[in-house]
Structure formats: C-alpha cells, structure tokens
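Chains as they are written, first to last, in our numbering: chain A, 7 to 166; chain B, 4 to 227.
Any given hint could be a false lead.
Claimed, not checked - Okay, derived cross-link-like pairs now, DSSO-like style, lysine-lysine, Cα gap no bigger than 30 Å in a straight line: (1) A:K105 x B:K74; (2) A:K79 x B:K97; (3) B:K97 x A:K123; (4) B:K174 x B:K155; (5) A:K25 x A:K105; (6) B:K97 x A:K135; (7) B:K174 x A:K25; (8) A:K105 x B:K155; (9) A:K135 x B:K174.
To be verified - Sample of chain B residues at the chain A side, in silico, Cβ under 10 Å: (10) S5; (11) A10; (12) E13; (13) K46; (14) L50; (15) R76; (16) H78; (17) I95; (18) G98; (19) I110; (20) M113; (21) K155.
These aren't lab readings, by the way, just hints derived from the structure by calculation. Since this is a predicted model, take the numbers as computed values, not measurements. Glycine is no exception: its CB is placed at the ideal position from the N, C-alpha and C atoms.
Listed below are the residues making up each chain.
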Amino acid sequence: MAGAASWSFSENDFKQIQKHLQAFLRDSNARCALLVDRNGQLVATVGETPQFDPTAFASLTAADFSANDQLAKMIGEAEFASLVHQGERESMFLADVAKRVILVVLFDQRATLGLVKLKAKGAVENLNKVFEEMFNRVGTGQAQKGLLEGAEDEIDKLFG
Amino acid sequence: MSMINYASREINCKLVYYGPGLGGKTTNLEHIYGKVSPNTRGKMISLATETERTLFFDFLPVDLGTIRGFKTRFHLYTVPGQVYYNASRKLILKGVDGIVFVADSQIERMEANVESMQNLYDNMAEYGYDLTKIPFVIQYNKRDLPNAAPIKDLQASLNPGWPIEEATRQKQTPDPAHPGENLVEKVGADWVGKAAYHEAVAVRGDGVFDTLKAVSKHVLKTLS
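Extracted from the complex, chain A is given alone in its bound form (with noise of 0.2 Å):
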C-alpha cells in the first residue's frame, strides 16, 4: 500500500447514521452524539449543538481511543472496545464502530451511564452494519477519481 486508503461516503448513508444515532438519543436520554473518524476526522454529530470547536474535540477523541488501544494491548487485551470519562456534571462514553470511527456520546445527569452503556450497544450493532456495508460498497480504496481536477489552481490563488 502506497499510503493510507480514502474513503467517503453518500447522503444516504448519512441519513442512516443520523437515524440510528437519533434513536440511540432518544433512548438513553444523552446529549449529543459524534462520530469521528479514527484519524481524527468528523463524520457526524446528532443532538444538542456542542458548545467547544467539534474539529478539535474529534483530533483529541481519536488521540486518546488511540492511546488506549495501545495502553491495552500492552496489558494483554486486543482492546478496549469502549472507554468512559466521567465527570462532576458531564460525562463521555466512547465506543468502537467498525474498527474504523468512534462513537462519542455526552451526557449529563439526565442519563445514567449504565442506559448509555445498554442503548449504545444496539446503536453500535446498527451502525457497524451501515459502515460495513458502505465499506464493501464503496471500498476504501482510491477516492473518486477526477474529484479535484483543476485543484492546482485554487490552492496557488489560496496562498497567492
């Protein structure tokens, strides 16, 4: 492999993954729900709007399930599928989809960390079947070829 594959994917699937994480939202009483990519990118977020810079909040999210993976195969564990941060008033509860994106789920007293747990398990069961099949769909080769033709341009007009 030269380097790292692409992948994308359609409205359609966007629209799936809202739906499951609406549910989900529902359903445990949470905040906010984000999707992120493992290297750090936003795939979604359903809920409440979040108040911090949501780029940032998911470069940090992936650094830190990375890390973790890395803290658990160390111990002797293939992984830690899920990690909990808890705090005074609002608390994070993230879990692996796909082996390849993150969910993240906010939330404050309204919700109990053992629902979250329960509700995000059928949440992740769902969403791991929509990203599995977008990934045989799709693939997650090359990215749309002829996408950016004529880029050159725009980025020499960008720096000038």
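Chain A is already provided as a structure; the job is to place chain B on it using the hints.
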C-alpha cells in the same frame, strides 16, 4: 487517509510534520496559525509539557477553500520529536495523507536528523505505508544559523533518492522549486526519485507556506 463526505461536501486530509526534537515542527504550525485568517482555520491544540515540548501532538485544522464544490480541509499534526516518545509519535502517523519532514540544518543535529528519518521510514513501514509513494516534502529549517550545513550535504544524508521501478514514473521530472534540479531523473542506468525540499527559517515564517503549499498540492493531486 483522506475522507470525502458527500453529505457535507467536505474533503478532509491529514498532514503530519515529522522530524527531530527542537527542529521547528511546532513553530511551523504556530506560524501558519498566526498568518491564516481565523475564518479559514480552527483552534490550535497543543499537548505539550510544562516546558513547551510537544508531549503528544499539536493539531491545527486549515481550510484551503472550496474546490469543485467541496470544502478542502487539511488537518495539520506535529509529532513529539524526542526519541523516547516513539509510541505516541507512531500513533499520529496513522491514516496520514502527506508528510513534511522538518530537518534541523545545524551541523550538530545531523545525526538526530538521520535518526529521525530512519524512524519515520520504520514507523511508516509498520503501518504498511510506503514513504516513497505518498506526498512527502522535506523542509531544511534554520537556514539563517551560522552553523547550518550546506544543502548539498543535507540532501546527501537525508534525501539521497530511491529507485523508481514503475515504467510510468520513469520520466525526467523537474523540481519546480529549484530550477536545474530534478525530482525524478536517470542516474547511470537507474531511475532515481527524490522528495521535494524547501529551505526555511520557520521562526520568521520563511519557507513555511512554500512547504505547506507543496505538500497539500501533492496530496490533492493524488485525489485528482
């Protein structure tokens, strides 16, 4: 691993600034952060120690504008340069689309440069990535210092070239940044490819955007 989101019409690419400790990787990002309009960049995140040494990474998202109706967003990362942070350094390389190697031009840092370059090759190989086939630019930083090594010596140590075996790539390719030099050329009976390089004084911002432009252009080219 670039990600194309057709729903929000965004293309996201990941660039990593690699190199020996105190070479100027974070300084590159700080300069970009300071110069790019706040509308086109996000917040800069630095996971650093109390002494301002990078502990895990620095992160800066920059929008390069809209191309073909897609917003192109580059996520710039630096790695911790210090040798003993290799585990976290390797994590940052995961899913990388383009690499900038920031070399410290000072003669005294030559060994550290070579060691870091070797470490980059090794870490990339562990992920199954081939550094000679992905967008890769070398920045020779600190050119203003009196003890800076000549470019010729730096090139010989850090960018000696690699064999080009695919027939389609075996054609002389001039280096747009250095007239008279080639990125791909025939040496004796073999075709040899080199990484593009730029000279820089990152604390003053010299060469910082040239480097970023070169690598991002190359990344977008791989998508076209």
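Note to self: Checking each numbered hint in turn, tell me which of them this model violates, lowest number first.
What the structure shows: Violated: hints 7, 8, 9, 19, 20, 21.
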